[in-house]
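Trainee: The lines below spell out each chain.
Protein chains: 2
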Amino acid sequence: MVFETRLREAAQQVEAHLQHVMAPLGDLPVVQAMRYASAGGKRLRAFLVLESARLHGVAAEHAIWPAAAIEAIHAYSLVHDDLPCMDDDDMRRGLPTTHVKWDECTAVLAGDALQTLGFECVSRQECHPEAVVRAELTVTLARAAGAQGMVLGQALDIAAETAPAPLTLEEITRLQAGKTGALIAWSATAGAVMAQAETAPLMRYATDLGLAFQIADDILDVEGDAAKVGKAVGKDAEAGKATFVSLLGLEGAKARARDLVADACDALSSYGKDADALREAARFVISRDS
Amino acid sequence: MVFETRLREAAQQVEAHLQHVMAPLGDLPVVQAMRYASAGGKRLRAFLVLESARLHGVAAEHAIWPAAAIEAIHAYSLVHDDLPCMDDDDMRRGLPTTHVKWDECTAVLAGDALQTLGFECVSRQECHPEAVVRAELTVTLARAAGAQGMVLGQALDIAAETAPAPLTLEEITRLQAGKTGALIAWSATAGAVMAQAETAPLMRYATDLGLAFQIADDILDVEGDAAKVGKAVGKDAEAGKATFVSLLGLEGAKARARDLVADACDALSSYGKDADALREAARFVISRDS
Numbered sequence: 129m130v131f132e133t134r135l136r137e138a139a140q141q142v143e144a145h146l147q148h149v150m151a152p153l154g155d156l157p158v159v160q161a162m163r164y165a166s167a168g169g170k171r172l173r174a175f176l177v178l179e180s181a182r183l184h185g186v187a188a189e190h191a192i193w194p195a196a197a198i199e200a201i202h203a204y205s206l207v208h209d210d211l212p213c214m215d216d217d218d219m220r221r222g223l224p225t226t227h228v229k230w231d232e233c234t235a236v237l238a239g240d241a242l243q244t245l246g247f248e249c250v251s252r253q254e255c256h257p258e259a260v261v262r263a264e265l266t267v268t269l270a271r272a273a274g275a276q277g278m279v280l281g282q283a284l285d286i287a288a289e290t291a292p293a294p295l296t297l298e299e300i301t302r303l304q305a306g307k308t309g310a311l312i313a314w315s316a317t318a319g320a321v322m323a324q325a326e327t328a329p330l331m332r333y334a335t336d337l338g339l340a341f342q343i344a345d346d347i348l349d350v351e352g353d354a355a356k357v358g359k360a361v362g363k364d365a366e367a368g369k370a371t372f373v374s375l376l377g378l379e380g381a382k383a384r385a386r387d388l389v390a391d392a393c394d395a396l397s398s399y400g401k402d403a404d405a406l407r408e409a410a411r412f413v414i415s416r417d418s
Numbered sequence: 129m130v131f132e133t134r135l136r137e138a139a140q141q142v143e144a145h146l147q148h149v150m151a152p153l154g155d156l157p158v159v160q161a162m163r164y165a166s167a168g169g170k171r172l173r174a175f176l177v178l179e180s181a182r183l184h185g186v187a188a189e190h191a192i193w194p195a196a197a198i199e200a201i202h203a204y205s206l207v208h209d210d211l212p213c214m215d216d217d218d219m220r221r222g223l224p225t226t227h228v229k230w231d232e233c234t235a236v237l238a239g240d241a242l243q244t245l246g247f248e249c250v251s252r253q254e255c256h257p258e259a260v261v262r263a264e265l266t267v268t269l270a271r272a273a274g275a276q277g278m279v280l281g282q283a284l285d286i287a288a289e290t291a292p293a294p295l296t297l298e299e300i301t302r303l304q305a306g307k308t309g310a311l312i313a314w315s316a317t318a319g320a321v322m323a324q325a326e327t328a329p330l331m332r333y334a335t336d337l338g339l340a341f342q343i344a345d346d347i348l349d350v351e352g353d354a355a356k357v358g359k360a361v362g363k364d365a366e367a368g369k370a371t372f373v374s375l376l377g378l379e380g381a382k383a384r385a386r387d388l389v390a391d392a393c394d395a396l397s398s399y400g401k402d403a404d405a406l407r408e409a410a411r412f413v414i415s416r417d418s
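Each protein sequence line maps, in turn, to chains C and W.
Sequential numbering of the first sequence, starting at 129, is according to the working numbering.
Sequential numbering of the second sequence, starting at 129, is according to the working numbering.
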């Protein structure tokens, strides 16, 4: 209960900050589409940034910048993912996707500009007084988002569609480490980067968490209620795609996700009780219904 | 002649550097598409970076990073511009466009990852020993590329297609200041940013140069040979779009471009003969046939 309140508060903070950052951009359709596409969502990535920053004594006024950055990058990836030439999804978070609400051209451009905005947020002076921190946040964000991170995961996902055999567990783990894991890892370590502290424990936490997150997504695709999830479910099975559920079975996938969350929590032992919010975030990831 | 040799050498250097930067990315179709889309071209933007850096005594080993960055960003913008939902172009630089050579999905992703790569290039430690310079290059690049710069120009261009009246000279100047001017200005000032020197003279030069560049593009769309230009010509007139040629007439547009180039050259007076390569670049921009 306390955790969910905290998550909601973090979501409201990052929402307000994104609106603030986009305020000078005017009101052309592409900017309206940027605002639309970056609104809502659970804001788990922003929460990870804010909590890892708090854990390291980083001021909230600085941490809000990488929190906004990662949500802008995440939003860009969803807008482009949903395009007809990609996953061709009409609904997202219970609302029409950006290209349905506007058009494909506006959606491509809005996604492009959201990506750019993400990099602007971590390189602006307000983000952190130390330029070396801003540059480190930027270069790590670029690696997490680019062709060695999120785009690699996307590319492997596309390649899988025409592969002669379904992916193995190892292949699907690599795919997801890029597609969702890289941005989650960046978020969870951002606080340590801002404090110029050791990132290893948070990286171990995030690696387990990212995988648990994706297993939970695969479970939701099987068991979830489309109305709650806010998008179509059952698409993976329909497409005959290998998922953690098809490879491990429903119960096996749930057990694996629970083990990963336990490992993620253990990785935070050096922080003691201060990291309880991050532990609750890990448990939330596999208990959510959307 | 000397200038064209220098331009060609700069192009080869940046080409080699982009290949070097992309070497660790493997060989998935999306990475092949990134290499394809970022190959070739005149590399005017990279030349401006390298020359403005040389003018300020910045080491070439550092300057090559923002030069590669701007070409990656430029390449991303072309890949997305050419998409069926945008300008729907089949040819670019005399070759099939990326979505024709691969498919739309790969082109969207390759463009996305090229944008990310651009930000990686300016934030990597090798780019500059001073983190404050890397952060400044990043934030200015984000502003030039995003919804207040290049994407703004694109959005205005789209809005113009359905506008009740053709654009005025003032409106088209604003559109082009975003669409092509912002990246050109970033390129020409990058050397001063790297040297932590005054950017004002190069900014004045670049503002005139960027506008002259776009006027020259409009003239090429009327007078150019598709085989040399490497893409379809005559598209603007066909679409009934307002251009500098439709607004100023062919001779008027040529005269305006010449005046802008003269002003651009004058803006460099404080650098004396050291800036001759940049002056030649300005003259080249309005004399090119492609």
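A hint or two may mislead.
Any copy, or any two copies together, can satisfy a pair, since identical chains are not distinguished.
Using 30 Å as the maximum straight-line C-alpha spacing, the simulated DSSO-like pairs for lysine-lysine come out as follows [as the list claims (entries may be wrong)]:
| hint | residue 1 | residue 2 |
| --- | --- | --- |
| 1 | K369 | K229 |
| 2 | K369 | K356 |
| 3 | K229 | K382 |
| 4 | K401 | K382 |
| 5 | K229 | K401 |
| 6 | K401 | K356 |
| 7 | K401 | K363 |
| 8 | K170 | K356 |
| 9 | K401 | K369 |
| 10 | K401 | K170 |
The set of hints was computed from the structure by calculation and includes no laboratory data.
Bear in mind the structure is a predicted one, so any value in this text is a computation, not a measurement.
Trainee: List in ascending order the numbers of the hints, as given earlier, that are violated by the structure.
Mentor: 3, 5, 6, 7 and 9
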